[in-house]
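S.K.: Construct the complete structure from the given sequences, taking the supplied hints into account.
Protein chains in written order, with this note's numbering: chain A, 123 to 413; chain B, 19 to 172.
Among the hints, erroneous ones may be present.
Stated by the list, open to error - Okay, derived cross-link-like pairs now, BS3-like style, lysine-lysine, Cα gap no bigger than 25 Å in a straight line:
{"no.": "1", "chain 1": "A", "residue 1": "LYS377", "chain 2": "A", "residue 2": "LYS391"}
{"no.": "2", "chain 1": "A", "residue 1": "LYS391", "chain 2": "B", "residue 2": "LYS42"}
{"no.": "3", "chain 1": "B", "residue 1": "LYS46", "chain 2": "A", "residue 2": "LYS391"}
{"no.": "4", "chain 1": "A", "residue 1": "LYS234", "chain 2": "B", "residue 2": "LYS46"}
{"no.": "5", "chain 1": "B", "residue 1": "LYS148", "chain 2": "A", "residue 2": "LYS341"}
{"no.": "6", "chain 1": "B", "residue 1": "LYS41", "chain 2": "A", "residue 2": "LYS391"}
{"no.": "7", "chain 1": "A", "residue 1": "LYS383", "chain 2": "A", "residue 2": "LYS230"}
{"no.": "8", "chain 1": "A", "residue 1": "LYS230", "chain 2": "B", "residue 2": "LYS41"}
{"no.": "9", "chain 1": "A", "residue 1": "LYS341", "chain 2": "A", "residue 2": "LYS230"}
{"no.": "10", "chain 1": "B", "residue 1": "LYS45", "chain 2": "A", "residue 2": "LYS234"}
To be verified - Derived CB-CB ranges, DEER-like:
{"no.": "11", "chain 1": "B", "residue 1": "ILE79", "chain 2": "A", "residue 2": "ASN297", "range": "34 to 42 Å"}
{"no.": "12", "chain 1": "A", "residue 1": "ASN178", "chain 2": "B", "residue 2": "GLU72", "range": "17 to 25 Å"}
{"no.": "13", "chain 1": "B", "residue 1": "TYR95", "chain 2": "A", "residue 2": "THR162", "range": "17 to 25 Å"}
{"no.": "14", "chain 1": "B", "residue 1": "PHE125", "chain 2": "A", "residue 2": "ILE258", "range": "29 to 37 Å"}
{"no.": "15", "chain 1": "B", "residue 1": "TYR95", "chain 2": "A", "residue 2": "ASN301", "range": "47 to 55 Å"}
Simulated from the structure, these hints should not be mistaken for lab results.
For glycine and all other residues, C-beta sits at the position ideal for the given N, C-alpha and C.
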Amino acid sequence: MATTTATTHQTKWWSGGKSPFNLEYGKLMMWYFLMSDAFTFGAFLISYGTIRFSQNFWPDPNAVFNAFPGAGHANLPLAFVSVMTFILIISSVTMVLAVHAGHNGDRKGVIKWIAWTIVGGLAFLGCQAWEWHHLITGEHATLIDGQIQLVGQTTTVNPWGPLVDPAVATEAMRNSSTNTLARIVHEHDHTKSMKDLMGMSKDQLLGMINVADMHIRAKGPVAFGGYFYGITGFHGFHVFSGVIINLVMLVMAQKGVFDRKGHYLMIEKAGLYWHFVDLVWVFVFLCFYLI
Amino acid sequence: MDQHKLASPEMTFQHHTDDAEFKKRVKKTTILLSVITVIELAIGLIIYTMHKGESPSEFLILVFKGVVCILTLAKAYYIVSVFMHLGDEIRNMIMTIVVPLLLFIWFIAAFILDGNSYKNLRNEFDPYFKESTMPKKHHANEAEKVPAHKSEKE
Numbered sequence: 123m124a125t126t127t128a129t130t131h132q133t134k135w136w137s138g139g140k141s142p143f144n145l146e147y148g149k150l151m152m153w154y155f156l157m158s159d160a161f162t163f164g165a166f167l168i169s170y171g172t173i174r175f176s177q178n179f180w181p182d183p184n185a186v187f188n189a190f191p192g193a194g195h196a197n198l199p200l201a202f203v204s205v206m207t208f209i210l211i212i213s214s215v216t217m218v219l220a221v222h223a224g225h226n227g228d229r230k231g232v233i234k235w236i237a238w239t240i241v242g243g244l245a246f247l248g249c250q251a252w253e254w255h256h257l258i259t260g261e262h263a264t265l266i267d268g269q270i271q272l273v274g275q276t277t278t279v280n281p282w283g284p285l286v287d288p289a290v291a292t293e294a295m296r297n298s299s300t301n302t303l304a305r306i307v308h309e310h311d312h313t314k315s316m317k318d319l320m321g322m323s324k325d326q327l328l329g330m331i332n333v334a335d336m337h338i339r340a341k342g343p344v345a346f347g348g349y350f351y352g353i354t355g356f357h358g359f360h361v362f363s364g365v366i367i368n369l370v371m372l373v374m375a376q377k378g379v380f381d382r383k384g385h386y387l388m389i390e391k392a393g394l395y396w397h398f399v400d401l402v403w404v405f406v407f408l409c410f411y412l413i
Numbered sequence: 019m020d021q022h023k024l025a026s027p028e029m030t031f032q033h034h035t036d037d038a039e040f041k042k043r044v045k046k047t048t049i050l051l052s053v054i055t056v057i058e059l060a061i062g063l064i065i066y067t068m069h070k071g072e073s074p075s076e077f078l079i080l081v082f083k084g085v086v087c088i089l090t091l092a093k094a095y096y097i098v099s100v101f102m103h104l105g106d107e108i109r110n111m112i113m114t115i116v117v118p119l120l121l122f123i124w125f126i127a128a129f130i131l132d133g134n135s136y137k138n139l140r141n142e143f144d145p146y147f148k149e150s151t152m153p154k155k156h157h158a159n160e161a162e163k164v165p166a167h168k169s170e171k172e
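M.R.: Structure follows, in structure tokens:
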């Protein structure tokens, strides 16, 4: 370390004949690309913040993201997203190890750690697919235009508005369709089939619903869905392309391309991109799940 | 330290770190990032239980959210400077990346304040917006209500 610092001070970087940044061209350009990408993500997140600050009400993330695969209706705020965050941190660490193995010209090490990084990336994408699917197809009893409707989180409706007074919710239940009521009963009581429930009268169905326990909410701000899917989708697309880039690196390393070139600088550039994906997630995690 | 062949003609010297020191540094950073994440999650759960309480202190929630933001910036610093090795580059290069990013200070402040001002203006001049979107109590409080006019029948 001491020798490096000494070199830095003695070298006249701007007197010509050498690159003043002591960086390979491709790596420097990767840095500038990542900087511009940071502004793209920043603009998205700041736009989200602007809309959020312009609203009187914004959904509580702990109410929105409280599901865990296989846990049914259990209320587990922050659990699944912490799994996703750790997957990404660990895959970042394996990438650091791959880059380091590249420094030492260790082909086997590069292949091993790049492969683990790809596994981490795919695991993250799988988690995100489950989360989106759960949010879109989930059915939440929501007060919309004076009646109860079962809706998921989409870009046109948000089911996580303010909680509704049980008296108002009961009134809205009476205006709702038999189909909706039957589905609400069916969700918690599987002893009767959907067909039997559809054959019942509205009053019978209403008698089977305990409105006070349902914590029915009004519609929330529509913008929530667009921003959530837009920004996490854009990040997920970065993860996806990162996985593709790492796959290409894996194949190239396997074929000995870098050994023939004599250096593993490509791995460093792929590494920079992968760490950036992790970096962005840190902020997405902050803006959507924590605050 | 053995002298590697320089990988590209643009480079005057190579950064060297011996294996043991490198492993120690990566391990330390990984543990640090994990610990910060766990603290963030703990604060998230504290905020969640505060929201469920009778009358949560808005100020305290804001303080906790501020702490989470600072912890996130710390995480970002460690990822960029250790994992991406920006901290090991020479100073001029670091500045070309970091200085433009300072624009974010203005960017965040200006737009968030703009959104906030838009909300205040609408609450003042658009009674329907205020009536239909303002939660009656704290939004996660179980007792809050929604205006009854939405269930009007024709």
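S.K.: It remains to establish, for every hint, whether it holds in the given structure.
M.R.: Now for the hints, and whether the structure bears them out:
no.	hint	result
1	A/LYS377 - A/LYS391	holds (19 Å)
2	A/LYS391 - B/LYS42	holds (23 Å)
3	B/LYS46 - A/LYS391	holds (23 Å)
4	A/LYS234 - B/LYS46	holds (22 Å)
5	B/LYS148 - A/LYS341	holds (15 Å)
6	B/LYS41 - A/LYS391	holds (20 Å)
7	A/LYS383 - A/LYS230	holds (16 Å)
8	A/LYS230 - B/LYS41	holds (18 Å)
9	A/LYS341 - A/LYS230	violated (55 Å)
10	B/LYS45 - A/LYS234	holds (18 Å)
11	B/ILE79 - A/ASN297: 34 to 42 Å	holds (36 Å)
12	A/ASN178 - B/GLU72: 17 to 25 Å	holds (21 Å)
13	B/TYR95 - A/THR162: 17 to 25 Å	holds (21 Å)
14	B/PHE125 - A/ILE258: 29 to 37 Å	holds (31 Å)
15	B/TYR95 - A/ASN301: 47 to 55 Å	holds (54 Å)
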